[in-house]
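> Protein chains in written order, with our numbering: chain A, 1 to 265; chain B, 266 to 534.
Hint data in this document are derived by calculation from the structure and do not stem from the laboratory.
Among the hints, a few may not be true.
What the hints assert, rightly or not - Residues on chain A that point at chain B, a partial pick, calculated with CB under 7 Å:
{"no.": "1", "residue": "W32"}
{"no.": "2", "residue": "A38"}
{"no.": "3", "residue": "W39"}
{"no.": "4", "residue": "F46"}
{"no.": "5", "residue": "G48"}
{"no.": "6", "residue": "G186"}
Glycine residues also receive a C-beta, built at the ideal position from the N, C-alpha and C atoms.
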Amino acid sequence: MLYFIHLLKLWLIQVRYAITRELAFRANFFAWVIVELAWFVLQLAFVGVVYQHVDSVAGWNRYEMIVLVATNQLIQQIFTAFLMPGLVKLPDLVRTGGLDFLLLKPAPPQFLVSTSSLEIGPVANAGIALIVVLSALHSLAITPTLSATFIYLLLVLAGLFVHYALLLALVSFTFWIVQAESVLLGYYSIFQVARLPREATRGWFRVIFTFAIPLLLVANVPASVLIRNAKITPILLFLGTSLSAALLASLFFYLGLRRYQSASS
Amino acid sequence: MTAALRSLPTVFSIGLQRQLAYRWNYLLRALFSAVPLLVSWVFWEAVFQGKETVGRYTLAGLLTYYAVLLIVEAVSSPADDDFQISREIREGMLNPILLRPLPYGLYRATLFLSGRCAYLVAAFIPVLLCFFILSRVIHLESASFDILRGLPALFGSALLQFSLTLCLSLTSFWFLDISSLIFLVYSLEFLAGGHVFPLDLLPAPLFTIARLLPFAYEYWFPAAALCGTLSHREWQIGIGMQFAWAIFFLFLAHLLWKAGLRKYTAAGG
């Protein structure tokens with residue numbers, strides 16, 4: 001228990017440092033908020049264009065689809081703020097031998113790699129995504145109950161685990177492939193699956209992205225909790241698969257770490 | 266100038282070797298770029314449930330558009346040329362390049378060409394595989410492919426994307442970090458360029474505005490020209506707009522380069 005408190009203290013120090021650094025480059029901070037917002041607007045514009053031609057997609061109406069897309073954005077932005085900046089630096093650290101400095105520190109390598117960098121800008125965008133969720137719920141005349149809100153937040157956390165597992169597994173390929181910058185493109189490409197309504201999928205696609213890489217559950221299950229009072233089975237399935245995915249990705253990271261050879265002198 | 270032209274094959278060869286050294290990176294890039302096609306397929310299949318057409322598109326027509334976009338992207342999209350140029354300027358690495366009897370724009374254009382060739386080699390099998398799988402499942406509207414109109418549009422798209430990238434990158438003479446600017450333009454290219462959906466699905470006034478912007482001629486126009494969905498008149502106007510934008514950005518890049526060099530501080534030996 002004390003060990004976890006020690007790690008939490010370390011993380012809080014890094015958060016404080018990140019806030020100080022972001023405030024030193026305020027123009028950059030606002031520029032990134034605008035960039036991320038532009039990508040979100042792009043997704044909403046796509047929904048707008050599609051629903052100009054149809055009333056429903058796989059049983060999801062326009063506002064339900066907005067809840068789905070905005071929930072996905074909420075999870076992705078929290079991930080982008082707190083875990084992604086550290087993970088994407090791993091290929092560079094491995095190639096240059098900079099990982100040595102992290103390995104020498106008295107904390108687990110996976111923790112240090114994951115939390116070595118933070119960005120505060122995406123937190124603002126997560127807030128905007130949450131406002132869009134609430135506004136779409138208002139348009140649907142839905143007021144979430146306290147229990148639904150609690151389960152929603154718990155599932156957002158589970159969604160973070162899935163994002164984390166996928167990116168950690170992808171960047172861990174850097175221990176085998178020298179230049180693995182493309183994995184970031186892979187992460188963004190694969191995560192487009194999370195914006196799909198699960199009912200739109202079938203066959204092997206549905207099985208793979210529900211059980212092997214549970215992307216179809218990341219935004220679908222939390223959004224369904226708010227909109228349709230989702231049943232307990234998909235909730236438990238999601239919690240189970242997200243934890244398993246994070247554990248497997250962690251094992252893959254340590255497997256790769258055993259291959260690491262310092263590149264520095 | 267003759268010396269500069271004689272050196273281009275060497276620059277091309279060096280660029281190609283540098284790019285192919287990271288062939289796994291390229292192969293992964295090509296494989297991952299097929300994922301959005303898969304997602305589009307699943308999503309649009311759900312949209313078309315009980316409907317024959319959406320806008321002017323059938324499901325096969327729409328998926329053909331997305332598949333052709335893969336080719337447009339492979340041929341014309343810069344990889345990380347923007348970040349490379351920005352790094353060269355920011356870290357004062359232009360010195361050896363400035364000493365060579367080779368215009369910088371021509372040097373970068375040759376490297377861009379070598380990068381595209383390397384990517385085409387890596388992307389060839391994944392893209393072919395995508396077409397094969399799609400054609401097994403749905404009937405792609407390949408009969409209407411218009412290579413004669415598509416190829417000039419594809420070349421124009423490469424020229425436009427290169428010139429726009431050059432302009433963006435050259436702002437590094439004035440700004441410390443331009444990555445946010447690059448990603449902002451990416452998002453505009455995706456939305457207003459027809460990467461997310463064909464632009465003719467937009468409401469008519471927005472479609473008109475989109476056709477006035479350069480982004481439409483990066484993806485939507487070459488893809489539509491290759492798919493053969495444009496009338497001859499639409500193609501003529503499109504190709505005119507595309508090359509006009511490309512020449513405008515090349516001219517702007519020339520001005521930015523001239524002005525930027527006056528600000529440039531060489532660092533290192």
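> Against each hint, give a clear statement of whether it holds in the structure.
Hint check results:
Among the interface hints, the one on W32(A) holds; its C-beta lies about 5 Å from the nearest C-beta in chain B, closer than the 7 Å criterion. Among the interface hints, the one on A38(A) holds; its C-beta lies about 4 Å from the nearest C-beta in chain B, closer than the 7 Å criterion. Residue-level restraint check for W39(A) holds (minimum Cβ-Cβ distance to chain B is 5 Å; threshold 7 Å). Here the hint on F46(A) is kept, as its CB sits about 5 Å from the closest CB of chain B, short of 7 Å.
The beta carbon of G48(A) is not positioned within 7 Å of any beta carbon in chain B (closest approach about 9 Å), and the interface hint is therefore violated. Below 7 Å, beta-carbon pairs count as interface contacts, and G186(A) has one with chain B at about 4 Å; its hint therefore holds.
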